[in-house]
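Undergrad: Sequence:
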Amino acid sequence: MLNKILARVGSSTLFNQEKFDEAGEKHPLSTHYKHVVLAVFLLGLLGVSMMALNYPKYSTARSLLARGVSTTAIVDTVDVKKLTGRGEKFITTVGYRFKVAGDTIHGKSTKNSVQPESVSKGDVIEVLYDPSQPIINGWRAALYREMAGVFGVLGAAALLLPYLGLSAYRYVRWLRRRRTLQPAR
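3 is the number of the first residue of the sequence shown in our numbering; add one for each residue after it.
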(Lines of atoms letter the chains of each structure in order from A and count residues from 1; the text may use other names and numbers.)
(Lines give C-alpha, C1' and ligand atoms only; values in the text may rest on other atoms or scores of the structure.)
Protein backbone atom coordinates (compact mmCIF):
# COMPACT_ATOMS: atom_id res chain seq x y z
CA MET A 1 0.00 0.00 0.00
CA LEU A 2 2.78 2.40 0.94
CA ASN A 3 4.61 1.60 -2.30
CA LYS A 4 1.48 2.49 -4.29
CA ILE A 5 1.19 5.82 -2.48
CA LEU A 6 4.88 6.62 -2.99
CA ALA A 7 4.66 5.67 -6.67
CA ARG A 8 1.58 7.86 -7.12
CA VAL A 9 3.17 10.85 -5.37
CA GLY A 10 6.46 10.39 -7.24
CA SER A 11 4.71 10.33 -10.60
CA SER A 12 2.38 13.24 -9.84
CA THR A 13 2.74 16.65 -11.38
CA LEU A 14 3.41 18.01 -7.92
CA PHE A 15 6.95 16.62 -7.62
CA ASN A 16 7.92 15.67 -11.18
CA GLN A 17 8.85 18.53 -13.53
CA GLU A 18 8.53 16.37 -16.70
CA LYS A 19 5.02 15.26 -15.72
CA PHE A 20 4.19 18.87 -14.90
CA ASP A 21 5.42 19.97 -18.36
CA GLU A 22 3.42 17.21 -20.09
CA ALA A 23 0.26 18.11 -18.21
CA GLY A 24 0.91 21.79 -18.93
CA GLU A 25 1.05 21.10 -22.67
CA LYS A 26 -2.23 19.19 -22.63
CA HIS A 27 -4.18 21.41 -20.21
CA PRO A 28 -2.26 24.65 -19.60
CA LEU A 29 -4.72 26.52 -17.40
CA SER A 30 -5.99 23.67 -15.26
CA THR A 31 -2.50 22.36 -14.50
CA HIS A 32 -1.23 25.65 -13.15
CA TYR A 33 -4.38 26.82 -11.43
CA LYS A 34 -4.83 23.43 -9.77
CA HIS A 35 -1.52 23.83 -7.92
CA VAL A 36 -2.20 27.41 -6.90
CA VAL A 37 -5.69 26.55 -5.67
CA LEU A 38 -4.30 23.59 -3.73
CA ALA A 39 -1.66 25.78 -2.08
CA VAL A 40 -4.17 28.48 -1.14
CA PHE A 41 -6.58 25.84 0.19
CA LEU A 42 -3.86 24.23 2.33
CA LEU A 43 -2.71 27.62 3.57
CA GLY A 44 -6.26 28.52 4.56
CA LEU A 45 -6.89 25.14 6.17
CA LEU A 46 -3.72 25.40 8.24
CA GLY A 47 -4.54 28.95 9.31
CA VAL A 48 -8.13 28.13 10.27
CA SER A 49 -7.20 25.00 12.19
CA MET A 50 -4.41 26.76 14.08
CA MET A 51 -6.72 29.64 14.95
CA ALA A 52 -9.44 27.23 16.09
CA LEU A 53 -6.99 25.51 18.41
CA ASN A 54 -5.66 28.77 19.86
CA TYR A 55 -8.80 30.92 19.86
CA PRO A 56 -10.20 29.92 23.29
CA LYS A 57 -6.95 30.82 25.07
CA TYR A 58 -6.54 33.94 22.95
CA SER A 59 -10.06 35.24 23.61
CA THR A 60 -9.80 34.59 27.36
CA ALA A 61 -6.45 36.37 27.54
CA ARG A 62 -7.75 39.29 25.48
CA SER A 63 -10.87 39.61 27.63
CA LEU A 64 -8.94 39.49 30.91
CA LEU A 65 -6.38 42.03 29.71
CA ALA A 66 -9.15 44.38 28.57
CA ARG A 67 -11.70 44.00 31.39
CA GLY A 68 -10.10 41.93 34.12
CA VAL A 69 -9.73 43.13 37.68
CA SER A 70 -6.17 43.13 38.97
CA THR A 71 -5.30 41.59 42.31
CA THR A 72 -2.40 39.86 44.01
CA ALA A 73 -2.12 36.12 44.45
CA ILE A 74 0.14 33.85 46.45
CA VAL A 75 2.03 31.20 44.50
CA ASP A 76 1.31 27.65 45.72
CA THR A 77 3.14 25.58 43.10
CA VAL A 78 5.77 26.21 40.44
CA ASP A 79 6.67 23.71 37.74
CA VAL A 80 9.40 24.62 35.25
CA LYS A 81 10.03 22.36 32.26
CA LYS A 82 13.01 22.87 29.99
CA LEU A 83 12.55 22.03 26.32
CA THR A 84 15.49 21.71 24.00
CA GLY A 85 15.61 21.64 20.25
CA ARG A 86 16.19 24.74 18.23
CA GLY A 87 17.24 26.79 21.24
CA GLU A 88 16.09 26.40 24.79
CA LYS A 89 12.54 27.09 25.85
CA PHE A 90 11.06 27.04 29.33
CA ILE A 91 7.46 26.32 30.23
CA THR A 92 6.58 27.66 33.66
CA THR A 93 3.30 26.54 35.21
CA VAL A 94 2.26 28.49 38.29
CA GLY A 95 -0.52 27.47 40.67
CA TYR A 96 -1.81 30.31 42.84
CA ARG A 97 -4.63 31.42 45.11
CA PHE A 98 -6.30 34.75 45.73
CA LYS A 99 -9.33 36.07 47.58
CA VAL A 100 -12.42 37.68 46.07
CA ALA A 101 -15.22 38.79 48.42
CA GLY A 102 -13.94 36.46 51.14
CA ASP A 103 -13.79 33.39 48.88
CA THR A 104 -10.47 31.75 48.05
CA ILE A 105 -10.06 31.18 44.33
CA HIS A 106 -7.41 28.81 42.95
CA GLY A 107 -5.91 29.29 39.52
CA LYS A 108 -3.17 28.00 37.28
CA SER A 109 -1.36 29.69 34.40
CA THR A 110 1.36 28.62 32.01
CA LYS A 111 3.98 30.86 30.45
CA ASN A 112 6.38 29.94 27.64
CA SER A 113 9.63 31.88 27.55
CA VAL A 114 13.28 31.63 26.55
CA GLN A 115 14.43 32.08 30.15
CA PRO A 116 13.02 30.44 33.28
CA GLU A 117 10.71 32.63 35.32
CA SER A 118 12.02 33.70 38.70
CA VAL A 119 8.90 32.67 40.63
CA SER A 120 8.90 30.42 43.66
CA LYS A 121 6.39 29.09 46.16
CA GLY A 122 5.12 31.83 48.48
CA ASP A 123 5.84 34.70 46.05
CA VAL A 124 3.20 37.31 45.33
CA ILE A 125 2.19 37.70 41.66
CA GLU A 126 -0.33 39.85 39.84
CA VAL A 127 -3.37 38.07 38.43
CA LEU A 128 -6.40 39.28 36.53
CA TYR A 129 -9.87 37.82 37.02
CA ASP A 130 -13.32 38.25 35.55
CA PRO A 131 -15.42 40.07 38.21
CA SER A 132 -18.58 38.17 37.26
CA GLN A 133 -16.78 34.78 37.21
CA PRO A 134 -13.58 34.90 39.28
CA ILE A 135 -12.83 31.29 38.34
CA ILE A 136 -11.78 32.76 34.96
CA ASN A 137 -8.42 34.21 35.86
CA GLY A 138 -4.83 34.35 34.72
CA TRP A 139 -1.32 35.39 35.68
CA ARG A 140 -0.79 38.75 33.96
CA ALA A 141 2.70 37.84 32.67
CA ALA A 142 1.34 34.65 31.05
CA LEU A 143 -1.62 36.43 29.47
CA TYR A 144 0.66 38.71 27.46
CA ARG A 145 2.47 35.64 26.10
CA GLU A 146 -0.87 34.09 25.03
CA MET A 147 -1.62 37.16 22.97
CA ALA A 148 1.79 36.96 21.28
CA GLY A 149 1.32 33.24 20.57
CA VAL A 150 -1.52 33.93 18.15
CA PHE A 151 0.87 35.74 15.87
CA GLY A 152 2.95 32.56 15.79
CA VAL A 153 -0.04 30.92 14.10
CA LEU A 154 0.30 33.32 11.20
CA GLY A 155 3.96 32.41 10.93
CA ALA A 156 3.08 28.72 10.81
CA ALA A 157 0.59 29.36 8.04
CA ALA A 158 3.33 31.12 6.10
CA LEU A 159 5.21 27.82 5.90
CA LEU A 160 3.13 27.01 2.85
CA LEU A 161 4.41 30.04 0.98
CA PRO A 162 7.34 28.08 -0.51
CA TYR A 163 4.77 25.81 -2.17
CA LEU A 164 3.23 28.85 -3.83
CA GLY A 165 6.73 29.90 -4.89
CA LEU A 166 7.39 26.45 -6.36
CA SER A 167 4.16 26.62 -8.33
CA ALA A 168 5.05 30.05 -9.70
CA TYR A 169 8.58 28.89 -10.55
CA ARG A 170 7.27 25.85 -12.42
CA TYR A 171 4.81 27.97 -14.34
CA VAL A 172 7.53 30.39 -15.44
CA ARG A 173 9.80 27.50 -16.37
CA TRP A 174 6.99 25.88 -18.36
CA LEU A 175 6.30 29.16 -20.20
CA ARG A 176 9.98 29.56 -21.13
CA ARG A 177 10.17 25.99 -22.39
CA ARG A 178 6.99 26.46 -24.38
CA ARG A 179 8.33 29.64 -26.01
CA THR A 180 11.56 27.93 -27.06
CA LEU A 181 9.62 25.06 -28.67
CA GLN A 182 7.40 27.35 -30.74
CA PRO A 183 8.56 27.99 -34.31
CA ALA A 184 9.72 31.53 -35.11
CA ARG A 185 7.30 33.62 -37.19
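Don't read these hints as lab results, they were simulated from the structure. Quick reminder that beta carbons are idealized off the backbone N, C-alpha and C, glycines included. Watch out, some of these pointers could steer you wrong.
Below are the DSSO-like pairs computed for lysine-lysine, each with C-alpha atoms no more than 30 angstroms apart in a straight line [said to hold, decoys possible]: (1) K36 x K59; (2) K83 x K110; (3) K21 x K59; (4) K84 x K123.
Distance windows between CB atoms, simulated [said to hold, decoys possible]: (5) D125 x Y57: 14 to 20 angstroms; (6) K36 x S115: 27 to 33 angstroms; (7) S65 x N5: 36 to 42 angstroms; (8) K83 x V174: 21 to 27 angstroms.
Undergrad: Are the hints correct? Go through all of them and say.
TA: Structure-based check of all given hints:
Between the alpha carbons of K36 and K59 the distance comes to roughly 36 angstroms, so the proposed pair goes past 30 angstroms and is violated. Straight-line distance between C-alpha atoms of K83 and K110 comes to about 15 angstroms, which keeps the hinted pair within the 30 angstroms bound. For the suggested pair K21 and K59, the alpha carbons sit about 45 angstroms apart, so the restraint of at most 30 angstroms is broken. For the hint pairing K84 with K123, the CA-to-CA distance comes to about 19 angstroms; that is within 30 angstroms, so the pair holds.
Taking 14 to 20 angstroms as the suggested C-beta distance range, the pair D125 and Y57 does not conform, at roughly 31 angstroms. Remark: the range hint 27 to 33 angstroms for K36 to S115 is contradicted by a beta-carbon distance near 43 angstroms. Taking 36 to 42 angstroms as the suggested C-beta distance range, the pair S65 and N5 does not conform, at roughly 52 angstroms. Distance hint check: the CB atoms of K83 and V174 are about 47 angstroms apart, inconsistent with the given range 21 to 27 angstroms.
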